[in-house]
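Construct all of the structure, not just a fragment, from the sequences and the given hints.
There are 2 protein chains.
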Amino acid sequence: MRAWRPLRKHLRDLDAVHRRWSSTKSSRNGIAALLNGVAVDDAADITVNGWVRSVRKQKKVAFAAIADGSTVTALQAVLKPEQAETLSTGVAVRLQGQWVKSPGGKQSHELQVSEVAVLGDNDAESNPIQPKYQTPEFLRTVPHLRARTPGNALILRLRSAVIGSLTRFFGEEGFVQCHTPVITSSDCEGAGEVFTISATPAKGSSNEKKQVEHFFKEPKYLTVSAQLHLEALSQAVDKVWTLSPTFRAEKSDTPRHLSEFYMLEAEQCFIADPDQMMDVVEHMLRAVATDLSTSAVYHELLASKDTHHADEVDVAIDSDILRQRWQGLQAADWPRVTYDSAIKVLEDANDARNSIFTIQPSYNDGLAAEHERYLASHVGKGSPIFITDYPVMQKPFYMSRSPDDPSKAECFDLLVPDLCELAGGSMREHNAEALRKAMEAKGVSGEGLEWYMDLRKYGSVKHGGFGLGFDRLICYLSGVGNLRDVVAFPRWAGRCEC
Amino acid sequence: MRAWRPLRKHLRDLDAVHRRWSSTKSSRNGIAALLNGVAVDDAADITVNGWVRSVRKQKKVAFAAIADGSTVTALQAVLKPEQAETLSTGVAVRLQGQWVKSPGGKQSHELQVSEVAVLGDNDAESNPIQPKYQTPEFLRTVPHLRARTPGNALILRLRSAVIGSLTRFFGEEGFVQCHTPVITSSDCEGAGEVFTISATPAKGSSNEKKQVEHFFKEPKYLTVSAQLHLEALSQAVDKVWTLSPTFRAEKSDTPRHLSEFYMLEAEQCFIADPDQMMDVVEHMLRAVATDLSTSAVYHELLASKDTHHADEVDVAIDSDILRQRWQGLQAADWPRVTYDSAIKVLEDANDARNSIFTIQPSYNDGLAAEHERYLASHVGKGSPIFITDYPVMQKPFYMSRSPDDPSKAECFDLLVPDLCELAGGSMREHNAEALRKAMEAKGVSGEGLEWYMDLRKYGSVKHGGFGLGFDRLICYLSGVGNLRDVVAFPRWAGRCEC
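So the sequences go chain by chain: A and B.
Read in order, the letters of the first sequence are residues 1 to 498 in full-length UniProt numbering.
Read in order, the letters of the second sequence are residues 1 to 498 in full-length UniProt numbering.
What the hints contain is simulated information worked out from the structure, not anything from laboratory work.
Every residue, glycine too, gets a C-beta built ideally from N, C-alpha and C.
You may find that some hints are simply not true.
To be verified - Straight-line Cα separation of at most 27 Å, DSS-like style, residue types lysine-lysine; simulated pairs:
| no. | chain 1 | residue 1 | chain 2 | residue 2 |
| --- | --- | --- | --- | --- |
| 1 | B | 457 | A | 57 |
| 2 | A | 60 | A | 106 |
| 3 | B | 132 | B | 106 |
| 4 | A | 251 | A | 442 |
| 5 | A | 305 | A | 251 |
| 6 | B | 80 | B | 132 |
| 7 | A | 457 | B | 59 |
| 8 | A | 457 | B | 132 |
| 9 | B | 101 | B | 60 |
| 10 | A | 251 | B | 217 |
| 11 | A | 59 | A | 132 |
| 12 | A | 381 | A | 442 |
| 13 | B | 106 | B | 305 |
| 14 | A | 344 | A | 381 |
| 15 | A | 132 | B | 457 |
| 16 | A | 101 | A | 60 |
| 17 | A | 217 | B | 251 |
| 18 | B | 101 | B | 59 |
Unchecked claim - Example chain A residues on the side facing chain B (calculated, C-beta under 7 Å, incomplete):
| no. | residue |
| --- | --- |
| 19 | 57 |
| 20 | 116 |
| 21 | 120 |
| 22 | 130 |
| 23 | 131 |
| 24 | 135 |
| 25 | 138 |
| 26 | 160 |
| 27 | 165 |
| 28 | 236 |
| 29 | 237 |
| 30 | 451 |
| 31 | 457 |
| 32 | 460 |
| 33 | 461 |
Structure, rendered in structure tokens:
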């Protein structure tokens, strides 16, 4: 057993490890837990880590606002003026002291500081993040730092809360969460501009000049949708979902498009019609909104206009509208309107009120953004609405035709007020011959899609699914008007900082 | 209000929607719920959807095994011979009947079928999935179909269960789940072969011949790690984690490497030393193993050798070893051994037993795979072990040096029996000047990393993190020996099916 001696000698003190873990747990939500009054007793001795948001020095006392990103609200630390000497905005600190009732009305408790340790200085002069109003446009140029602002940190926490809530929903509903591939052979929509990958050595590496043949023998692309792969997995375990990155190389420079974005996609077998898939979408979003309507993050969002944290992320709507959005998601019975009816609604609206649209609504041209906006705000009365049964010609090859009217696809789009299209879904053509014909009619080459057509040969069943723009959902839930402000490191044409 | 008429006319019967949703919920775990006896009463009339795994026709009665991917076990359907005429392996069916106690001992209940509907035929001759033993190597050539085999479907469900459990763990511990970018400017490790992306139009598109300038102005890469971006976000909200795809263009053709793989990464501020980060890793894996040790999926894994479902995914270990792995993860106090001690253990082992290693253990050369294997199986006694304090020269530029011994990095690797390295972590150098020197010493150009160095200028604090190979974790938890069998659509050099 000679070999064990050095080992035993070096084994750490595991008791200490457990002590440390327990103490970590008690402070696991940091300042948020303290301010919510759940973490500690009155007058307890505590340690707080965070960054100084502001310091106010008076003759006999100094106040520092300390934040750690766990909530938009800062903790009030009360110090002696000499203790505050080393403190300024942006400095990282560890403060020890007593957690006492606050005599002021602004907060219930404050930290009566006994000890101050500066953990990290702030080069205030060169710091792009300044303690003043800075435009969202400017903050987008420094994505590595902007999450430190309260509004941007709030969006990070919202995203996390929504992911958690969705994971619970799908788990309870028996959906299997899958990891679909990013590198793919096929272009799902058959049209989009895609990114191509190569194994060219990185700039500066010794192989830089060497020409490298295709790593995967043939050119491969960054996925534009997980749908096709999910369909394959759905035929194995029935209900599947994924939340994974997708890519478009479109040069569109709008607040509604990014080159890299997260899509929430689900597929399910053995369903009869798109209504069953709309049910999933509706119940999913209702579950998330209901679940999070009691969360801290929701109340912080509602207050963000008043606290001006909304300014950092370009929130144009006020808290009443935001509350309406969340209530609309929690409402029952979202309207399901056929495309034909929607066109009729638009035509009637136009007649009655004299050309309220720039583009005349027409069956053949599809719904323009202004039409979707009108429908979403006038039909749903606050809740989202589904538009169903679009003309086949407007939709991709994989959607099945309605048995009642083969000129219509068995499909739906989900529209929400202001933001318009949030999700889209359909039954997928599950008949091999019908799929082949649809591809031919749409001019989609079967190349690279042989495997997808294969799925129809072996016990193929009726199935359907949907895709939801996850970043758009975060926009809708937060009131943020631009995708670039809800994605931590947004990528769009010409822009890929960090 | 003329506009509303067509709308009202077309609004669906929403009562029907709710009825349908309720019925979906009751069958949301399909055959698994039925076999677990939680879904329905004895003698209830039920409908079952699934695929025929096998049919046994006798003179007066026929038996069909029906599976839907919700469990490896098939449901036994009892039919009249004439009802079974259209049934054969691979066919999709809907069966109605009575759920009755089974007279045989093999299952508690069986379906006494009253009605059969064939939903989808199977072209048995051309179907690559045949009702016989097929090698994992062969099944890898048809990833779009192989998930239909019970063993592969089980791995899908395991992955989903682990993601759910991790999401709960991190949520409870106050970690914020982040979506870090796939397209990046930098190469985290400073060495790896990376994939480069371009916006070249897809093959066959009308723009195919056109040369396209860089979409993002400069060449961009597929991320090799989320760590650097997570560090930025950690300085905003403290504890962060992500489970996201990462990429390496290495041409290694081994069971342990893929070109596209999921990494679980976490970062945390305000920690004093790597022990605190090892605590997170240890508690996280213990939480997952404990959580899932009562799950159906765990018991299906334990039985998979006996049911031969393990053969499809190349499980080489028996159920006792698999049980030991899970127990080891649930055990307390995983050994933490310094690199120096580990070398000593290896040297002593070698002395005592006469060259048991092909490569002689040496301080300078690092731990070879056989060394890691020895340490993992002899030191941990079933539980994982941490090897800590590696020489700085063996580790990347971003790891901080130990204050006690600057020749050592404040780091750890997590080794598990058989599989060896599962995770690695460290304190990150948080001092701007020390980081600059470390990059210089490692020959890492600062180009593209200016933003990362920036993080050290503004309230930089001690922080650390880790990365865990998520697909390797699935291998470890399932006993599967090859990453290609736990990833639904695996990509490696020359191989990117579908």
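Evaluation of the provided hints:
Annotation: proposed proximity of residue 457(B) to residue 57(A) holds, straight-line Cα distance about 24 Å (limit 27 Å). Straight-line distance between C-alpha atoms of residue 60(A) and residue 106(A) comes to about 20 Å, which keeps the hinted pair within the 27 Å bound. Restraint check for residue 132(B) and residue 106(B): the C-alpha separation of about 21 Å stays at or below 27 Å, so the hint holds. Straight-line distance between C-alpha atoms of residue 251(A) and residue 442(A) comes to about 24 Å, which keeps the hinted pair within the 27 Å bound.
The suggested pairing of residue 305(A) with residue 251(A) is violated, with an alpha-carbon distance near 32 Å, which exceeds 27 Å. Between residue 80(B) and residue 132(B), the direct Cα distance comes to roughly 26 Å. Compliance with the 27 Å bound is thereby established for this hinted pair. For the given pair, residue 457(A) sits about 31 Å from residue 59(B) by alpha-carbon distance, which is inconsistent with the 27 Å threshold. Taking the CA atoms of residue 457(A) and residue 132(B), the gap is about 19 Å. The hint holds against a cut of 27 Å.
A C-alpha spacing of about 19 Å is found between residue 101(B) and residue 60(B), which places the hinted pair at or below 27 Å, so the restraint holds. Pair hint residue 251(A) plus residue 217(B) holds up; C-alpha atoms about 12 Å apart against a cutoff of 27 Å. A threshold of 27 Å between alpha carbons decides the hint, and for residue 59(A) with residue 132(A) the separation of about 25 Å falls inside it, so the pair holds. Proposed proximity of residue 381(A) and residue 442(A) is contradicted: the alpha carbons are some 36 Å apart, above 27 Å.
As the CA atoms of residue 106(B) and residue 305(B) are separated by approximately 18 Å, the hinted pair is consistent with the 27 Å bound. With a CA separation close to 18 Å, the supplied pair residue 344(A) and residue 381(A) stays within the 27 Å bound. Restraint check for residue 132(A) and residue 457(B): satisfied, since their Cα atoms lie roughly 19 Å apart, inside the 27 Å limit. Restraint check: the Cα-Cα separation between residue 101(A) and residue 60(A) comes to about 19 Å, which is no more than 27 Å; the hinted pair holds.
Between residue 217(A) and residue 251(B) the CA atoms are separated by roughly 12 Å; this keeps the pair inside 27 Å, and the hint holds. At most 27 Å may separate the alpha-carbon atoms for a hinted pair to count; residue 101(B) and residue 59(B) meet this at roughly 22 Å. For residue 57(A), the suggested interface contact is broken, since its CB lies about 19 Å from the closest CB of chain B, more than 7 Å. Taking 7 Å as the C-beta contact cut-off toward chain B, the hint placing residue 116(A) at the interface is violated, the least distance being around 14 Å.
Satisfaction of the interface hint for residue 120(A) is found here, the shortest Cβ-Cβ separation to chain B being roughly 4 Å, below the 7 Å cut-off. Because the beta carbon of residue 130(A) sits about 11 Å from the nearest beta carbon in chain B, more than 7 Å, this interface hint is broken. Here the hint on residue 131(A) is broken, as its CB sits about 12 Å from the closest CB of chain B, past 7 Å. Because the closest C-beta pair between residue 135(A) and chain B is about 19 Å apart, greater than 7 Å, the hint is violated.
For residue 138(A), the shortest C-beta to C-beta distance to chain B is roughly 15 Å, which exceeds 7 Å, and the interface hint is violated. Annotation: interface hint on residue 160(A) holds; nearest CB of chain B at approximately 4 Å, less than 7 Å. Below 7 Å, beta-carbon pairs count as interface contacts, and residue 165(A) has none with chain B, the closest being about 10 Å; its hint is therefore violated. Because the closest C-beta pair between residue 236(A) and chain B is about 4 Å apart, less than 7 Å, the hint holds.
Hint status for residue 237(A) relative to chain B: holds, with the closest Cβ pair at about 3 Å, below 7 Å. With a cut of 7 Å, the hint placing residue 451(A) at the interface with chain B holds, because the nearest CB-to-CB distance is about 4 Å. Satisfaction of the interface hint for residue 457(A) is found here, the shortest Cβ-Cβ separation to chain B being roughly 5 Å, below the 7 Å cut-off. For residue 460(A), the interface hint holds, the least distance from its beta-carbon to any beta-carbon of chain B being 4 Å, beneath 7 Å.
Taking 7 Å as the C-beta contact cut-off toward chain B, the hint placing residue 461(A) at the interface holds, the least distance being around 4 Å.
Checked against the numbered hints given earlier, this structure breaks hints 5, 7, 12, 19, 20, 22, 23, 24, 25, 27; the rest are met.
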